[in-house]
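Peer 1: So you can see what is in the structure, the chains are spelled out below.
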Amino acid sequence: MSEKRMAKTANEAIAEAMRQINPDVVAAYPITPATEIVQIFSQFVADGKVTTEFVPVESEHSAMSAVVGASLAGARAMTATSSQGLALMWEILYIASALRLPVIMPMVNRALSAPINIHCDHSDSMGARDSGWIQLYSESVQETYDNVIQAVRIAERSLLPVMVTTDGFILSHCLELLTPLLDKEAKDFIGEYRPKNFLLDTEHPFTVGALDLQDYYFEHKRQEAEAMIESKKIILKIGEEFERKFGRRYEFFEDYKVIDSEVATVVIGSAAGTTKVVVDQLREEKIKAGLLKLRVFRPFPAEELKELLKNVKVIAVLDRADSLNAVSGPLFSEIRNALYDLEERPKIVNYIYGLGGRDIGLKEIHSIYEDLEEINRTGKIKSLLTYLGVRE
Amino acid sequence: MEDLFEVRWHGRGGQGAKTVALLLGEVVAASGKYIQAFPEYGPERMGAPIQSFNRISSQPITLHCGVEKPDIVIVLDPSLMETIDVIGGLSGEGTLIVNSREDPSVIKENLGFKGKVFTLDASKISRETIGREMPNTPMMGALIKVTKFLNLKEVLEKTRTKLQEKFRHKPEVIEGNIRAIERAYQEVK
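Protein sequence lines, in the order shown, are assigned to chains Y and P.
97 is the number that my numbering gives to position 97 of the first sequence; each next residue is one higher, with no gaps.
562 is the number that my numbering gives to position 170 of the second sequence; each next residue is one higher, with no gaps.
Derived from the structure by calculation, the hints contain no laboratory data.
Errors might be hidden in some of the hints.
What the hints assert, rightly or not - In the SDA-like style, the derived pairs of lysine to any residue whose C-alpha atoms are separated by at most 20 Å in a straight line are:
hint : chain 1 : residue 1 : chain 2 : residue 2
1    : P       : Lys-550   : Y       : Arg-5
2    : Y       : Lys-49    : P       : Lys-558
3    : Y       : Lys-257   : Y       : Glu-303
Unchecked claim - Some chain Y residues near chain P, calculated using beta-carbon distances under 8 Å:
hint : residue
4    : Pro-56
5    : Gln-84
6    : Phe-169
7    : His-173
8    : Cys-174
9    : Leu-177
10   : Ser-270
11   : Lys-276
12   : Val-277
13   : Pro-346
14   : Leu-362
The C-beta atom is built at its ideal place from N, Cα and C for all residues, glycine as well.
Build out the structure end to end from the sequences listed, making use of the hints.
Peer 2: So, in structure tokens, the structure goes:
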């Protein structure tokens, strides 16, 4: 069915997906560790392997602005960035989503300055969680690729921009096996982009970015919120179609032995893969451990998470970002919120880990499950929030 | 994950420690096994100590953490042994391969290491085959001989294909590397 396996890093896999997508416009500015994506892609442009109009802009603010302009004109438009680059796009992120533009952006997770650091954490994309972008997270090189392919469909169906993240260096620069789709399979799956309203359609002129004060701004934001709610169905439907055609399953999250577990973690990104190994080891010791790996953070699948987690006794939410809010990390807030309506709620604790690329290994993850088992035994939470492995 | 095999490469920036980990990854991937290859990104300066890693398994690899307990360590630059704990995390069952003119017994004694030690004068081989000091591919040849998990002929074919992508216009680089691997395979002790 599909092409044979090859060895690729996540950056290479994203560039490969972009070659198959063949966007009308790519505007980008390089930033470590995402640079290779557009570097490889620009070679595809130079070699005539894609017909994309490549715009080498002078900043990420300009990259997102150019992509917004291209998308409004009716083009399928993409960019890619990381960390400070995403931060510099900030005001345009909100414009892309509020104008309902199906922009697609691979985003390599990296810590934010200061202090300056090029390694992985999720501070960059977590900070953009309220910008109206759909966010898909990836555990592996394969998932990164599959998410980028699906993102095109999700964006164009929901008329919302989609950010696909991958962990900086841990995945972006890690060679793994990838089974890409055949070019034809990818092309058929993605389909042709036919925007309903676009500015180059001079027969049907319309106004974009008009002033919208007390009278209608609120209604327009309500519509945007509705689009995010509606996107949940779209994401699931496209995931189902992808599985039917290519055999790999994509939902809001992966239930890794959560269903009958007493202690479980909620993890986003590459650390979920390491956690699976720990869960397997614990299961061999007859400990009922599970892992919920969250793929879709925006829209947030609160109802579905509640259903799956309701019978777990103790949960640890792992955040690779800190909200610096004197309470918890961003994922913890959302998960605990989702469980509030349950009559009998699981006990739940938060671990902030891996900031600035600090490694999280089997030992560290084991220690979390040990804490969870202790809470399960004693019924007592000693510490709601733990900074895992930090020196203090 | 029982057959998981982990490799750590020690080199200095510019000696190709990252490149050889990626090359080994590609070559092993082509043989049908699951692989990972990744460098440790620190300050990347010419001459600074760097590490890179491989994971190899017949099962899918979901681990995404650093390699803490390698099965095999390869040292591209013997001077690193003076400042870096190259046998860190390596058990008494583990294997160490060093680019050195010394006999393995000397290294074993110097490091107080209980496991298996192999040496190869990869610098000399690379100068004579590639034309410059590039110990990475000969050390891969030594690894293949020592571990026996790959067939030499297959490795040479895959390496040739891989290098052709990068050095299309420099056939002497391709042939030099092939000869370096072949010689390393014979000369490791």
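Peer 1: For each hint, tell me whether it holds in the structure or not.
Peer 2: Status of the hints after comparison with the structure:
Under the criterion of a C-alpha separation no larger than 20 Å, the hint pairing P:Lys-550 with Y:Arg-5 is consistent with the structure, at around 15 Å. A distance of roughly 18 Å separates the Cα atoms of Y:Lys-49 and P:Lys-558; the hinted pair therefore holds under the 20 Å criterion. A C-alpha spacing of about 19 Å is found between Y:Lys-257 and Y:Glu-303, which places the hinted pair at or below 20 Å, so the restraint holds. Annotation: interface hint on Y:Pro-56 violated; nearest CB of chain P at approximately 24 Å, more than 8 Å.
Annotation: interface hint on Y:Gln-84 violated; nearest CB of chain P at approximately 17 Å, more than 8 Å. Given the 8 Å rule on beta carbons, the hint for Y:Phe-169 holds: about 5 Å separates it from the nearest Cβ of chain P. With a least beta-carbon distance of about 6 Å to chain P, the hint placing Y:His-173 at the interface is held under the 8 Å criterion. This hint holds: Y:Cys-174 has a C-beta 4 Å from the nearest C-beta of chain P, less than the 8 Å allowed.
For Y:Leu-177, the shortest C-beta to C-beta distance to chain P is roughly 6 Å, which falls under 8 Å, so the interface hint holds. At about 4 Å, the closest approach between the beta carbon of Y:Ser-270 and any beta carbon in chain P falls short of 8 Å, and the interface hint on this residue holds. A least Cβ separation of about 5 Å between Y:Lys-276 and chain P falls short of the 8 Å threshold, and the interface hint therefore holds. Using the Cβ-Cβ criterion of 8 Å, the hint placing Y:Val-277 at the interface with chain P is satisfied: the shortest such distance is roughly 6 Å.
A cut of 8 Å between beta carbons decides the hint on Y:Pro-346: the least distance to chain P is about 25 Å, and the hint is violated. Checking Y:Leu-362 against chain P by beta carbon gives a least distance of about 7 Å; that is within 8 Å, so the hint holds.
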